[in-house]
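Chemist: Need the complex rebuilt from these two chains, each delivered in its own frame; the hints are there to steer you.
If you're matching them up, the sequences are chains G and L in order.
When we follow the UniProt record's numbering, the leftmost residue of the first sequence carries the number 1, and every step to the right adds one.
When we follow the UniProt record's numbering, the leftmost residue of the second sequence carries the number 1, and every step to the right adds one.
Everything labelled a hint here was simulated from the structure, so no lab data went into it.
These figures come from a predicted structure and were not determined experimentally.
Heads up, some of the hints might be wrong.
To be verified - Okay, derived cross-link-like pairs now, DSSO-like style, lysine-lysine, Cα gap no bigger than 27 Å in a straight line:
#1 G:Lys-302 - G:Lys-89
#2 G:Lys-125 - G:Lys-92
#3 G:Lys-157 - L:Lys-122
#4 L:Lys-251 - G:Lys-92
#5 L:Lys-255 - L:Lys-303
#6 L:Lys-81 - G:Lys-125
#7 L:Lys-122 - L:Lys-150
#8 G:Lys-125 - G:Lys-274
#9 G:Lys-267 - G:Lys-307
#10 G:Lys-43 - G:Lys-310
#11 L:Lys-51 - L:Lys-122
#12 L:Lys-16 - G:Lys-89
#13 L:Lys-125 - L:Lys-150
#14 G:Lys-157 - L:Lys-303
#15 G:Lys-125 - G:Lys-212
#16 G:Lys-125 - L:Lys-51
#17 L:Lys-54 - L:Lys-150
#18 G:Lys-34 - G:Lys-307
#19 G:Lys-235 - G:Lys-307
#20 G:Lys-305 - L:Lys-71
#21 G:Lys-274 - G:Lys-157
#22 G:Lys-355 - G:Lys-43
#23 L:Lys-303 - G:Lys-92
#24 L:Lys-16 - L:Lys-251
#25 L:Lys-71 - L:Lys-51
#26 L:Lys-81 - L:Lys-54
#27 G:Lys-355 - L:Lys-288
#28 L:Lys-288 - G:Lys-125
#29 G:Lys-125 - L:Lys-125
#30 G:Lys-125 - L:Lys-251
Listed below are the residues making up each chain.
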Amino acid sequence: MASTAGETLAAAEQKEGEEEQVINPWEVSAKGGKIDYDKLVDKFGCQRLDQSLIDRFERLTGRRAHVFLRRGLFFAHRDLSDILDAYEKGEKFYLYTGRGPSSESLHIGHLVPFMFTKYLQDVFKVPLVIQLTDDEKCMWKGLSVEESERLARENAKDIIACGFDIERTFIFADFSYMSPPIYKNIVRIANCVTGNKIVGIFGLTLEDYGGKFFFPYIQAAPSFPSTFPHIFSGKYSNLRCLIPCAIDQDPYFRMTRDVAPRLGYHKPSLIESKFFPALQGESGKMSASDPNSAIYVTDTLKDIKNKVNKYAFSGGQDTLEKQRKYGANLEVDVPVKYLNFFLDDDVELLSIREKYGSGAMLTGEVKGRLIEVLSEIVERHQRARAAVTEEMVDAFMAVRPLPRMFH
Amino acid sequence: MAYTKDQLLARLQELKIEFSSCDHPAVMTVEEQAKYVGHLGGACSKNLFLKDKKHRLYIVSALVDTKVDLKILSQRLGLGKGGLRMAPEEALPEILHVALGSVTPFALINESARPVSLLLDKGFKSQQYWLFHPLTNEVTIALTPSDFDKFLLSIGREPAYVDLEACPVVGKENPPDLAHLVPDEAPNVPGGADKVPPTSVPAQTNVAKDEKTKQPTEKFKETSKVPKQKSEKDKPQIKVDVAADTTNVEKFVEKVFEKVSSEFISELTKQSNADKDNLNDHAFEGLKQRVCSDLLSMTMTLKNSVYTQGFHAGIESTLYPLLNKRK
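This is chain L alone, in the form it adopts within the complex (with noise of 0.2 Å):
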């Protein structure tokens, strides 16, 4: 199942990510697509698909003047000289859901581009806004900077910035320095173990993708593993204590808790003059626990509220096939 692009930027909305956007005429070049989106302010980016030797994929997204010279990516991504390639036209719909014309780093979101490397021009961080195409080269959106990389850890991704003109020479003394941007593994071929999981789409904001947005040390390599059954039956013990974490009430009100205090104590301080360190300790622990216990109590309530809706949709949605099968 593929992302359309309502569905991504709606994706983009729900994660409060703000971007302008511009229709235009199917674009399948850069310049093409600069006629058009001038106003839009901000920097092109011109989008490769590519693909090694393994059959291991890749999108190199850079600025429309940054030379990228794909010999010595290869070598820097330890793939030997001349490892590097366009990938195979069919490989454009089939595994990142777009047409041609329409590389964005926006397909990421697709479960089938799990495996495909993403490598960022580091020229891009120093522009305000960065254009893409949002998985139709029919529309052009512009985001800043901080919202793309919001967007790209919302995938379970970390944002690789790449000095892709760099030449360092690439030898026993220096090992290439790309390396860790390959990925595990190629892609399942669409049609044999094409087992990619039914996407009840749009407000699919999985669990398992949050949770490794909270792994921000996690290297790049281990997000894009292929999902097969085997790894995600491995995965649940990373899973399960991320989650406890996440669904644990007293965490959860104390950091909220630490949050607001924090910034109310520095606003007031700031506004009284008063000094910080000559907070009542005594007083301030009382007013803390009373707001705790009545934090600590809402907030359960509202963990029982959740579990108890999906509780009873696991049950629905167990039941429903059965009782339509009846029919």
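Chain G extracted, bound-state conformation (with noise of 0.2 Å):
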């Protein structure tokens, strides 16, 4: 069956041209500016995640689940319900996620998905992994080595930041990692995809070079527990896989999947977020070329009530008058789309969609409120990234056993 879904689906990504919207680890567009999830959810093969699923996290873990589950931010998965149903029986996983340093400065959407990681490290108390691809950014983005694992420390400090528990969290880059347990793992794999198979999924020619053909084997490593031998050895060398990423990563992972029974490994699970809209509005991912997209981390408090006053894509009327009387359109309106992952209190955020949407509540007021609960979150980061030093980063990224990793 695996084999087959990736023939199917290099037909599919032929078509993706002609198709209306281009999701690839590259570039995300659409044509008409939404992005239609159901079709890309349909077009991947993965599962929804549906409000069952949702309870049964609550269940699991004793507590209210992320308000990114609940908003429905992460809204995809694969195989979701064998992680849940092994931990159930006791059976331990362990997380993977990872970020390609193309830049120095993050905003709040690259934050996202670490942020969801956080959650599930604390929730299920189990190890993590991060893959920071410094050899990615060298090939695609032309940076020198020196510069992508510079980048790879500066963006660590900021993953720190977000709150990850250093006795179950292990940072590695691909450029000082590499050594014996990830190089064989990266070559079984390289022996199971032929070279037509990373064509027809990631779109390369032969005008490209090798090392992008080279380097999906390289993401998919991370997801087998032998490519850690200090941490998962003994009775956790077969340990399930959850990674937590944006949608436009599922190719690497549908690859990965296919590849893992042939080496006797599990299938990595998988649960997938949605692009975080820009704030100009939904056209595509934050760009870290345009400062005006996003609220960066690095943000002050003026700089994010401008942004959010200047740039924020409102959906409310034209006029006093006219908003009154219609109120605002919730569909098209990007501060409310950003309360809605952000502002935790489910209570709170219903009075202002009804009185946001009824008119009694004017954009600005909306606006405020968005201003407050980001310049929280970034002020809270900044704290945080203040106080990771070099050392910390070290120890971090130090090839070490993490004794208490479960407790």
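Modeler: Set out below in structure tokens:
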């Protein structure tokens, strides 16, 4: 079943250029602006995360599901139920996520998968490995090796500031972690996937540099516990893996899931998120090259205020009278979308939606509340970031056992 | 490695234990001691260092006026009649690391004194201050009962107060009532398998010792086990579970918030005569969320920083001897 899925997918991918929306690790765009996630889920072949799974999360973990789950930001998955079934029986798993360090400045869209991963780490009490793909950025962005390495370390600090527990977190950069365990797995994976398949999945051509063909194997390897013998050995040598990521990473892990059974491993499970809307509206991913498309973790209170007030696309009416009469268009209003993901209080959110949608509340008020919420998050992040030292990065990245990773 | 008086006093200060102290010439009896320390107020103690037929050791610390009948005590411990005698003189420096005339419960701070059982006179409890020698008979310190208990708990001991003058009949119907205070085993004979762990002493608030204090229901017997290699390997299982609680950031923040908010609320309601139950729950939940988010972040930062320091210390300490060898 796995290989046929791969083949039909290849055919589907070839049609991509003709499709209305393009979603892959290097490009996210949709004609008409709005991404059709239902179509995407169908095309990729993953499953939707429904209310019953969210309820299951709450039952298993004994507490309210994370706001990103409740509000549908993390909306799709592959074999998440397998992980939950196993967990219920007392079987553990580990988390794997990563970042391509292409720039020093991170925006809150970048933080989303990390915030969610931290929640998963806390509620399930499981270890986490974080891959910084400095080699990938070297290949795709033409950065020098040294610059990619430097960016990886800088990004590591912001990742650490998200509040990961050093007792159960291992951060590594591809350039420095390359070593027998991971390289052997990379080659094992490479022996299972032809160039044709890579072309089919990632749309590469013979004009592209060879490294780009090889990189997918590198992103796949951390899905297998034997890549980390210093952490997962003995009874954990065939531990299950859960990968929280944005849905554009799905192609890498479709390939990985195909390969896993052939190498004797569990297929990694995925839990996937939508793209965080840019300030200007839902026309794609936030871009690190456009400072006004997103709130950056380095923004000051003034910056946040300015960006939200000036650039956040409003669904409110043009005039005060119209607003009072017709209310706002919640479908396109960006501040409400942001609040949907960052305002944890269900009661308050509902109230805002009602009042804003009916015209009782004005755009300015909604934006004001959003500014408050965002400032709190950004401030907290900056404080935590300031406390991250080079020594702390070294400790997170040290190849060391994690003896209390499940406690 | 033995604790000195200064190390002990430093430790008491670390534990925020207040004490007054008085230097005097070396005193060998309580009568002599009383001459110098009357001004400290409080009760002098007489401290007996005893051993039984199986070479297990005890310190009995009592008020001067309390009658301690070794025969009765022996029976109550289940050692039969005449099972208790004064410990041999050499045991003082070897096990308690104190000189003649300086027996004191504080000697139990030493690793070597782990298997020594401590019996405390119930009569102490009515006294405001208790006087003991801080490992030397040239000084006497006075501290409050709760501070003394605090010290004992800090070295992993459950304080055992006994009515030393009671003489219950011990027989088939009445088992020895103090049998639980008999140590598991006799102390290691020094020179042989004496692997006293290298105590890099003063700031040694050992994780292990702290963990023991968090198990108040743990029987006294268990805490006085000899620290052989084997028992240390068995310990990890209990150690890990307790440490998991201690290093759990969420639980920590929960406790802190509980403590602060309950004190705060009761003070506020007292001051404004407001009704505690009328507090706006929803608003309070919101407040709790905001405050706790920040606290969680700060606490995780602290945890990671502390781990980092320990991690680097571990590396340095491993490299240090290797680097030195090269010289």
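Chemist: List in ascending order the numbers of the hints, as given earlier, that are violated by the structure.
Modeler: 1, 3, 6, 9, 10, 12, 15, 16, 17, 19, 20, 22, 29
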